[in-house]
Every structure is written in structure tokens, then in C-alpha cells.
Amino acid sequence: MTCIEARGLRKTFGATIALDGVDLRVEEGRILGLIGPNGAGKTTALNAILGLTPYQGELKVLGHNPWTERDQLMRDVCFIADVAVLPRWLRVSHAVEFVAGVHPRFDRAKAEGFLAKTNIRQNSKVRELSKGMVTQLHLALVMAIDARLLVLDEPTIGLDILYRKQFYDSLLNDYFDRTRTIVVTTHQVEEVQHVLTDVMFINRGRIVFESSMEDFESRYLEVTVRPEQLSAARALKPIYERPTLGRSVLLFDRVDRQKLAGLGEVRTPGIADVFVAMLSNSSHGAQGATI
Amino acid sequence: MNTPSNAVPESFADSKVVTSPVLLDTRPFYWSVRRELWEYRSVYLAPLAIAGVILFGFLVVLFHLPHTMRYAMTLGAEKQRDTIAEHFNIAAALIMGTAFIVSIFYSLDTLYGERRDRSILFWKSLPVSDLTTVLAKATVPLVILPIFAFVITLATETVMLLLGSAVLAASGLSVATYWSQLQLYPTMMMLLYHLVTVHMLWYAPLYAWLLLVSAWARRAPFLWAVLPPLAVGIFERTAFHTMYFAALMHYRFSGGREAADSMQGNFPLNPGMHLTPGAFLATPGLWIGLALAAVFLFAAARVRRYREPI
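Order-wise, the sequence lines are chains A and B. Each residue of the first sequence is one higher than the last, beginning at -19 in the working numbering. Each residue of the second sequence is one higher than the last, beginning at -1 in the working numbering.
The hints are simulated quantities; they were obtained by calculation from the structure and are not laboratory data. Hints should not be assumed to be uniformly reliable.
Residues of chain B clear of chain A, computed beta-carbon distances all greater than 10 Å [claimed, not checked]: (1) S30; (2) A70; (3) I88; (4) E112; (5) T130; (6) V149; (7) T175; (8) M186; (9) V194; (10) M198; (11) L199; (12) L246; (13) T274; (14) P275; (15) A297.
With a straight-line cut-off of 16 Å between C-alpha atoms, the simulated EDC-like cross-links for lysine to aspartate or glutamate are [as the list claims (entries may be wrong)]: (16) K105/A <-> D115/B; (17) K111/A <-> D115/B; (18) K40/A <-> E7/A; (19) K97/A <-> E7/A.
Here a beta-carbon is modelled for each residue, glycine too, at the ideal position from N, C-alpha and C.
Make the full structure from the sequences, and use the hints.
Encoded structure:
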């Protein structure tokens, strides 16, 4: 079943085009990484999906129009926004009580179980918690909701590596069950790469690339090439080349692994490497088009 | 032939499933009100603090109470009552005034504050509609604060009455006269009437306007709430040399009592006061005000939908 379906999604802020006709389709049970530079339109796209901002074009999330039916939609959708948004005056026990009070699909015992595994005390206020603990609290609340779609917008920004790892581990182990859908944006791409089932690149309000991670991994290969083999490698038409420590790293799209093996050390590239390659190519292409 | 007979109960069952959560589920509203009281503890702490100060002050009054009673006995009936009831009236006025001030500041801050601290993103991530949220917030100045003011006044004045009675009895003065002159509980009913007619109903558009500004303003909600009406008044005065708008504002702030009871200008807690609920309900100003309040609240809910953190 389709979880998110958008056609010709547009959003402008004055003269700035945040979303420039986005077509998007996310099936249920996927973990989609939305990758893009600052100002690419990631947050705007998520805000439209969550009913936080009006838009032009067609958008259906779990069959709802998010802008006009946000409150119904939020029975099935959870989100953690880019920074800690839990109010500082809120007591931990009150936060649990409130969500239990308003959310028909919240499992209070589950949330309290998650919290018991942390150092968060029930009668603490949010202002007394560290940034990592606030995120743990928010995640405990969200994971105890039996939602069909979870949206995470830079959920681990500003957290140290231990908390970040823990965050994605508990998300995978305690939450994801292959029927739920997760959409995540993050700048720490390497940390989510192993978690994702799908990846989507967004740049200047447009989706420039989308792929399942299986395809992605079989399609792109990265080879570290010594200078003497560089011309041979270049003959195979790499899509991107960058120097590193006296050697060159070449990125190939749909080139046979056997052929590359002779040129140097072959490995699966990081999402970020492919993203950078694609972005610099597309900006060259854009310049070429204007000339 | 089977299909139509099957279709009817099915569609009936469907519509029941769809409508019942909307109509019957008041839990989001209830919890939204609770959450306001968690956030704005001054809603009950401020009137309680004032009540504490009043009771403390009354301890000083108690020293002079026998003397005051003896003096009051020499006065005429009307004066006698005013003298005896003076501290009770001041207590009621202080608690009510505190509740009113808290109402004003609460209404101006609540929808602005949730955007300032970005928590609006958390509240909007839960299945609570903007209208439910705005109505829950409007409940605080329109219902909760008047009720708190009443209950706290009732409790404070009951304690004052008991303390006063004990002191008078100890000095051999008539407690019966004290009680009959005070008429505390009839007076409390007057206070309740005043709170319902003026603070809940007549001032409703005032609070609703403040909530709307609070939902709308990107900064300085207080200035946005006060300056536009002031500007309209000044513009009218300079352009047309009239003061209809100023008169309208004055009517809104003071007009409720003129309709609600016959005692104009005095403190509304005289048991001899003549209540005119019929005249009050027949005042067009009341209904225009309530309609305006409804418009402001719907607009506030609408605006909240568009607003992002600031």
C-alpha cells in the first residue's frame, strides 16, 4: 500500500522556490532517507507531509490530505522535528500522561518501559534533562505510539555519537516491524545508510535521484586507483573522481565489478559520496545548459 | 436483491465509526486544558498567593475588630454594613482583580509562547485539532479563572468569617450581628453572578481578541493587542472629530455591569443590589460580543494552522 503519494508538489516563499514540482511515492514498510544540502527543500517537504505548511499540488498521506486533516492524520503519523521541541516546563510524567490522554494508539506501559532503561526520572522537568535525554524522552513517547508513518527530521542533530547510535539501534530493534514506514532526513548520512531501504536525493526543490538501497549498492562502486592505472580506469567512464593521499577514488555507475577489481580496491560507496558526485555533475550540467 | 438490504446496515455502521470519535471524544479537550494548567501554574498560584496575603493582612484587622464592631453599632444600617463588610469586599475585589490580570497575560502569551519555544511542533504532532487547542486555551480565562477566583474567594472569606467570629465571641460581642450584617453567602452568590455575567460572558470578546493576537503576532503581542484599537480611536478622533470607537471600547469594558445589575458605579457585592439578568440577556451588546468572540476564536484556530515556530 502507498503511504505517501505526491504529485507536482510546489511550495514557494516569496521568490524562493522551496519545492519545485516534487513527485513522490513511498510504499508502506520502507525506511526512506531523504538526503539533500541545506535549503534543498527537505524540511519543507516533510512539513507538507505532516500538514504543517500549505502547498500546491496533490498530496495524500495514508489517504488523508495533511493540510486539512492534520488531526486525523496524526493518529497514524508521528514525527520528531529537527530540534528538541518538548517544552522546557513539561514534566516527564506529564508528557507521558498527556500523550496517553490524547492519543488513542499510545501504549503507556511501553513508553514507561523505554524510559526505565534510561536515566530519565519521572518527576524531572525537560529543562533539567540533557539534550540527549530529551531526545530519548521524545523517542520513548513516539515509539510507544502504534503509528504507520514516522517522520524524523534531523532527529539526532547535536547528539554525541553514543546517543546517535543508540537512537537508530532502538529504532530498528524496538520499533521497525516492516509494516511501518519511516522517513528520515539527516546530515549524518553514513550513520543511517545501513538502516535505510530506500534513498532519495533532493536538491533545489526537486528530487534528483531515487533508488532502493539494494539497487543503489549493486549499481555504484568505488575504486581506489593508483596513478599508473588511472587512464585505464578513466576509460571505463567514472561519474566522479576525487584525489586522496596520492591516489584517486573513482566512482562508477553500472560497471562490472570484475572489470574494476583489476584496477584497485573496490568497495560500495557511501550515500554521501554518490550524492556529492551527483550534485557536482548536475551543477556542471546546469551551467552547461545556460551557456 | 440481497445487495440493498446488506448495503444499508453497512453504511450505517461506517458512518457510526466515522462520527463517534469526533462527537464523543472529549479527551483531547480535557487533556489540553490540563496541560495549560501544568504550563501556567500562575493560573491558580497567583490567586492563592493573593488569598494568602489577604489572610495575613486580616490577622492585623482582627486586633481592631472588636473596636470596629462597637463603632459600627453606632452607625445607620447602610453604613454599618459597609463598615463591617469592607475587608470582605476588598478581599473579593483583590482576588477577582488578580484573576483578571492573570487572564489578560495568559491569553496574550499562550499561543505566542508555544511558537516561541517551538513546542507547537510537538503539540501539532499529536492528534489534537487547532480548534480543540484554541478552545481549551480559551477555557482558561473564560471558565477556569472565574471559577478559581470564586472558589478561592469563598474559602478565604469563610476563614475570615470564622476568625472574625472567634475574636468577637472572645471579646463578648454579638457574633449574630456580625453574620447578619455580612450576609457572606448571599454576597457570594452576587460575586458568582458578577463573575458569570461580566467576566465570563461580557469580557469573552476581549479574551478572544487577545488569543487571536497571541496566535498571530510574530513579536510583541502586547503591542499588537493594544496599539491597533488605540490607532483606530486616534484616527477617528483626528479625522472625524468623533469618539464612537472610544465609546465602544468603554462600553465593552464597563457596559456589562450596567446591564447585569442596577447598582452602577459601586462595588457589585451589595446584598441589597437588584440583579437584572433579564435585562442583561436582552442586551444586544452581550450577543454581539459573544458572536465576535466566536469569530475571534475561529480565526485564532485558523491562524494557528498556518503558524510556524518563531
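**OP:** Please flag the earlier hints that this structure goes against, numbers listed from lowest up.
**Re:** 1, 4, 5, 19
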